[in-house]
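Colleague: What follows is each chain in one-letter form.
There are 2 protein chains.
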Amino acid sequence: MSTVPSVAVALRNILRVDQVLTEAEELERYSHDDAEWAEYALPLAVVLAESNDDVSRVVKLAAKAGIHVIARGAGTGLSGGANATALSVILSLERMTAVTEINAAERYVVAQAGVLNNDLREAVAEEGLWYPPDPASHRISTIGGNAATNAGGLCCVKYGVTRDYVLGMTVVLADGEIVSLGHRTAKGVTGYDLAGLMVGSEGTLGIITELTLRLLPLAGREQRAVIGYFPSLQTAGDAVADVSRAGIIPSALELIDSMCLKAVDEWQGLGLPENADTLLLATVDETGDTGSALADRIAEIFAAAGSLDVRRGADGSGEGSEIDDLFLARRLAYPALERLGPVLTEDVCVPRGAVPEMLRRIQATAAEHDVVIANIAHAGDGNLHPLIIATEGDDDVKVRAKAAFDQIIRDCLDLGGTVSGEHGVGLLKLDGARDELGPRVLDLHRAIKAAVDPNGILNPGKAF
Amino acid sequence: MSTVPSVAVALRNILRVDQVLTEAEELERYSHDDAEWAEYALPLAVVLAESNDDVSRVVKLAAKAGIHVIARGAGTGLSGGANATALSVILSLERMTAVTEINAAERYVVAQAGVLNNDLREAVAEEGLWYPPDPASHRISTIGGNAATNAGGLCCVKYGVTRDYVLGMTVVLADGEIVSLGHRTAKGVTGYDLAGLMVGSEGTLGIITELTLRLLPLAGREQRAVIGYFPSLQTAGDAVADVSRAGIIPSALELIDSMCLKAVDEWQGLGLPENADTLLLATVDETGDTGSALADRIAEIFAAAGSLDVRRGADGSGEGSEIDDLFLARRLAYPALERLGPVLTEDVCVPRGAVPEMLRRIQATAAEHDVVIANIAHAGDGNLHPLIIATEGDDDVKVRAKAAFDQIIRDCLDLGGTVSGEHGVGLLKLDGARDELGPRVLDLHRAIKAAVDPNGILNPGKAF
Numbered sequence: 001m002s003t004v005p006s007v008a009v010a011l012r013n014i015l016r017v018d019q020v021l022t023e024a025e026e027l028e029r030y031s032h033d034d035a036e037w038a039e040y041a042l043p044l045a046v047v048l049a050e051s052n053d054d055v056s057r058v059v060k061l062a063a064k065a066g067i068h069v070i071a072r073g074a075g076t077g078l079s080g081g082a083n084a085t086a087l088s089v090i091l092s093l094e095r096m097t098a099v100t101e102i103n104a105a106e107r108y109v110v111a112q113a114g115v116l117n118n119d120l121r122e123a124v125a126e127e128g129l130w131y132p133p134d135p136a137s138h139r140i141s142t143i144g145g146n147a148a149t150n151a152g153g154l155c156c157v158k159y160g161v162t163r164d165y166v167l168g169m170t171v172v173l174a175d176g177e178i179v180s181l182g183h184r185t186a187k188g189v190t191g192y193d194l195a196g197l198m199v200g201s202e203g204t205l206g207i208i209t210e211l212t213l214r215l216l217p218l219a220g221r222e223q224r225a226v227i228g229y230f231p232s233l234q235t236a237g238d239a240v241a242d243v244s245r246a247g248i249i250p251s252a253l254e255l256i257d258s259m260c261l262k263a264v265d266e267w268q269g270l271g272l273p274e275n276a277d278t279l280l281l282a283t284v285d286e287t288g289d290t291g292s293a294l295a296d297r298i299a300e301i302f303a304a305a306g307s308l309d310v311r312r313g314a315d316g317s318g319e320g321s322e323i324d325d326l327f328l329a330r331r332l333a334y335p336a337l338e339r340l341g342p343v344l345t346e347d348v349c350v351p352r353g354a355v356p357e358m359l360r361r362i363q364a365t366a367a368e369h370d371v372v373i374a375n376i377a378h379a380g381d382g383n384l385h386p387l388i389i390a391t392e393g394d395d396d397v398k399v400r401a402k403a404a405f406d407q408i409i410r411d412c413l414d415l416g417g418t419v420s421g422e423h424g425v426g427l428l429k430l431d432g433a434r435d436e437l438g439p440r441v442l443d444l445h446r447a448i449k450a451a452v453d454p455n456g457i458l459n460p461g462k463a464f
Numbered sequence: 001m002s003t004v005p006s007v008a009v010a011l012r013n014i015l016r017v018d019q020v021l022t023e024a025e026e027l028e029r030y031s032h033d034d035a036e037w038a039e040y041a042l043p044l045a046v047v048l049a050e051s052n053d054d055v056s057r058v059v060k061l062a063a064k065a066g067i068h069v070i071a072r073g074a075g076t077g078l079s080g081g082a083n084a085t086a087l088s089v090i091l092s093l094e095r096m097t098a099v100t101e102i103n104a105a106e107r108y109v110v111a112q113a114g115v116l117n118n119d120l121r122e123a124v125a126e127e128g129l130w131y132p133p134d135p136a137s138h139r140i141s142t143i144g145g146n147a148a149t150n151a152g153g154l155c156c157v158k159y160g161v162t163r164d165y166v167l168g169m170t171v172v173l174a175d176g177e178i179v180s181l182g183h184r185t186a187k188g189v190t191g192y193d194l195a196g197l198m199v200g201s202e203g204t205l206g207i208i209t210e211l212t213l214r215l216l217p218l219a220g221r222e223q224r225a226v227i228g229y230f231p232s233l234q235t236a237g238d239a240v241a242d243v244s245r246a247g248i249i250p251s252a253l254e255l256i257d258s259m260c261l262k263a264v265d266e267w268q269g270l271g272l273p274e275n276a277d278t279l280l281l282a283t284v285d286e287t288g289d290t291g292s293a294l295a296d297r298i299a300e301i302f303a304a305a306g307s308l309d310v311r312r313g314a315d316g317s318g319e320g321s322e323i324d325d326l327f328l329a330r331r332l333a334y335p336a337l338e339r340l341g342p343v344l345t346e347d348v349c350v351p352r353g354a355v356p357e358m359l360r361r362i363q364a365t366a367a368e369h370d371v372v373i374a375n376i377a378h379a380g381d382g383n384l385h386p387l388i389i390a391t392e393g394d395d396d397v398k399v400r401a402k403a404a405f406d407q408i409i410r411d412c413l414d415l416g417g418t419v420s421g422e423h424g425v426g427l428l429k430l431d432g433a434r435d436e437l438g439p440r441v442l443d444l445h446r447a448i449k450a451a452v453d454p455n456g457i458l459n460p461g462k463a464f
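For the record, the sequence lines run as chains A and B.
For the first sequence, the UniProt record's numbering gives the first residue as 1, with consecutive numbering after it.
For the second sequence, the UniProt record's numbering gives the first residue as 1, with consecutive numbering after it.
Careful, some of the hints might be misleading.
Straight-line alpha carbon distances no greater than 25 Å define the calculated DMTMM-like cross-link-like pairs of lysine to aspartate or glutamate that follow [stated by the list, open to error]:
#: 1; chain 1: B; residue 1: LYS158; chain 2: A; residue 2: GLU101
#: 2; chain 1: B; residue 1: LYS262; chain 2: B; residue 2: GLU392
#: 3; chain 1: A; residue 1: LYS398; chain 2: A; residue 2: GLU39
#: 4; chain 1: B; residue 1: LYS398; chain 2: B; residue 2: ASP431
#: 5; chain 1: A; residue 1: LYS158; chain 2: B; residue 2: ASP277
#: 6; chain 1: B; residue 1: LYS402; chain 2: B; residue 2: GLU368
#: 7; chain 1: B; residue 1: LYS158; chain 2: A; residue 2: GLU122
#: 8; chain 1: B; residue 1: LYS60; chain 2: A; residue 2: ASP443
#: 9; chain 1: A; residue 1: LYS158; chain 2: B; residue 2: GLU126
#: 10; chain 1: A; residue 1: LYS158; chain 2: B; residue 2: ASP285
#: 11; chain 1: B; residue 1: LYS158; chain 2: A; residue 2: ASP289
#: 12; chain 1: A; residue 1: LYS158; chain 2: B; residue 2: GLU127
#: 13; chain 1: B; residue 1: LYS402; chain 2: B; residue 2: GLU357
#: 14; chain 1: B; residue 1: LYS64; chain 2: A; residue 2: ASP443
#: 15; chain 1: B; residue 1: LYS158; chain 2: A; residue 2: GLU127
#: 16; chain 1: B; residue 1: LYS262; chain 2: B; residue 2: ASP325
#: 17; chain 1: A; residue 1: LYS64; chain 2: B; residue 2: ASP443
#: 18; chain 1: A; residue 1: LYS158; chain 2: A; residue 2: ASP175
#: 19; chain 1: B; residue 1: LYS158; chain 2: A; residue 2: ASP443
I should point out that these hints are in silico values taken from the structure, not numbers from a laboratory.
Here chain A stands alone, though its shape is the one from the complex (with noise of 0.2 Å):
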């Protein structure tokens, strides 16, 4: 087993000695990703990258020594997509953090791979320019891999997702050559879109070292929030269905169960209501009167589906406020959870029309298997993520929370849904992506692969 030392000491002959890390507790720590139940094993070593040379000559040390690499942001991913094989190389994007240049007039922002989502947000706004993709994690997750996985959010609803917001990207590709790909024109159509091709290809096409990014005015915007309490999940699935059928496009419309609440709550003290079992938390962004009636009819549309109680929030409520705790609540369900023990997290997409029957299957689900799921989603894209909790730790709640997660597969596929709407499909859902793709999408996978990184060094195994 002459490998391990001798790529160590390779990568610290082409890299300062600090940026090659091989201690035991250090490849632990980044041999994978949030997702723990996926399978890991140590890399060889992990690369503390600070450009795109050093990426470029990382892999194309890696090309000649046939060992994986295997690209990393702040390792928030929630599918093993960055984790581990035995023959790896982690090389980590986190000291890549310059924002090169904001244009105002043009409205995008170059930045490097290892940003991360907010410090990008706060840094457009002081030139009065918004970046809307907004991951839940967005205060720890970076734009490199918030690209490398398409990431959604909570505003994408109405805003879009990641891939909508990438004009152009430095990659470096499997033969360490370094590449510009898409444009920094408000529209381009020459060539393949390339860029858009890697984006949501988890690391396995090339390795996103910088990005350019799409940006809106900050200003011309009034949030304005309508909370629904719902006496059941089903109630506020069917204020869900109504709130598309009725036309309206809210900025974001996240559901919240009160397991994610409780949990929460006994975390952070927040003193979150216990009078309902579902919270609808919509919010629009129009201006004036328009934002004002759009957001009425949410409330109508709620209260006729059946919610216990609606509650308003006034333009740009301060901080502190319930509905602001509301929201907090939404964004810390994950970790708050994970506190209770290992957490699967699903994350399937259905029609939103879909969205109720879903919702019972997951109930009857956590039934039939003998474990709980807790539920936050991105409801008004049809987007769940059902989170089954191994509470007691043993094989055998592992063993259930499985068969649970692949019935919600099964479920999702069934209604006419994607098996992963945002957090892609790395290693968790490689059996639901064969599933949803067939064979001769999965053969078009494998050819595009094989074309762009004939040697399969780049993150094998992962995305499909």
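Model the placement of chain B on the given structure of chain A, informed by the hints.
Modeller: Relative to the frame of chain A, chain B by itself:
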């Protein structure tokens, strides 16, 4: 040369006789799109496909015979992307005009590739839905062609291009297999974005036979127009850059010069104004006070940039108004100029801030090469369409026009632009695309093309 009849005979064996055209006049008519100056040969036959199975059978036959298959919608392309090669079958999708499903609750439409853009818009409007992409050709171009070229249009400045509305598609691959790509849910990240890769690939990776397109609600917008009459291209260009710098996103921001206006007026007799060198046509579609305030700001910017006159259109101004006539003139500019002689259509996209400089260079190019260049532009996107007109029709003017065409491409790249904003590369922009993409990214294109279409039968020689 027994190939010709044998191919036609073989095609007639797998289709109805009337679906296979071989008359010289028919071959000529289907042999090229609207890019008259791009090369083309007569195809071996023209097939009028009526189903996915028809397309599949034709591709299988062509694959076996080693014949090229060139898919074609309405033939309104402006880059030669649908032009025939000598060993090709032109596969027209014009008979595939079914709108299969309009789903108001999920806001999508499923339609065959041969549906005209405008027919689709009208069909979904009856259900209270809106399909935004609106190329100037929307009355005569198909959604399949729009997708194959990732067509833009007037509303892209606010609402994005065709790719932004493609959720999924049915594609016939190079081996004749029929596959589904993408999804019908609001979000989905399962596998690579192969639907997105097909969009804009100009029929070189697969033949799109059916599309699932995302829709928006039709209601909730109010149209307001602001027309600026400018003394020069540059002052109009300045106004465009100023609108962008002010953080305003209009729902359209079109530029049209006096030559275009005059050509349309002589053709259609609309009584268009003659008191300006260049017009900017802006619309905003926000409702109420918000829309009104936005239109005010645009009017102020136009005036400050040197507009001789600024006129405002009332909400929902009826047909036949001056403003409607001006937008009609914008849409008719291309066919109107074609009446004056062969038109070499440019389609470059530069940063919005570079619009004034690019317009200045275009004028200099016209003078230098002694050609007539009229200008229309989706100015708000920086997407310019200089129309080089060979009024004399002799070979010398064509040579000068081509030199001007190349100069404009060089200037566009020099200003940080892309050689095709929305028409596609086809044949006319191959050199420019090669310059823009660079050798390594071109290799990537070739590798993907070879992986997906190993025998190179799908529209070879186009797009990159």
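Colleague: Hint by hint, say whether it matches the structure.
Modeller: To see whether the hints hold, each was checked on the structure:
no.	hint	result
1	B:LYS158 with A:GLU101	holds, 23 Å
2	B:LYS262 with B:GLU392	holds, 18 Å
3	A:LYS398 with A:GLU39	holds, 14 Å
4	B:LYS398 with B:ASP431	holds, 18 Å
5	A:LYS158 with B:ASP277	violated, 40 Å
6	B:LYS402 with B:GLU368	holds, 13 Å
7	B:LYS158 with A:GLU122	holds, 23 Å
8	B:LYS60 with A:ASP443	holds, 18 Å
9	A:LYS158 with B:GLU126	holds, 23 Å
10	A:LYS158 with B:ASP285	holds, 17 Å
11	B:LYS158 with A:ASP289	holds, 22 Å
12	A:LYS158 with B:GLU127	holds, 20 Å
13	B:LYS402 with B:GLU357	holds, 21 Å
14	B:LYS64 with A:ASP443	holds, 20 Å
15	B:LYS158 with A:GLU127	holds, 20 Å
16	B:LYS262 with B:ASP325	holds, 13 Å
17	A:LYS64 with B:ASP443	holds, 20 Å
18	A:LYS158 with A:ASP175	violated, 39 Å
19	B:LYS158 with A:ASP443	violated, 37 Å
Consistency with the previously given hints fails for numbers 5, 18, 19, ordered from lowest to highest.
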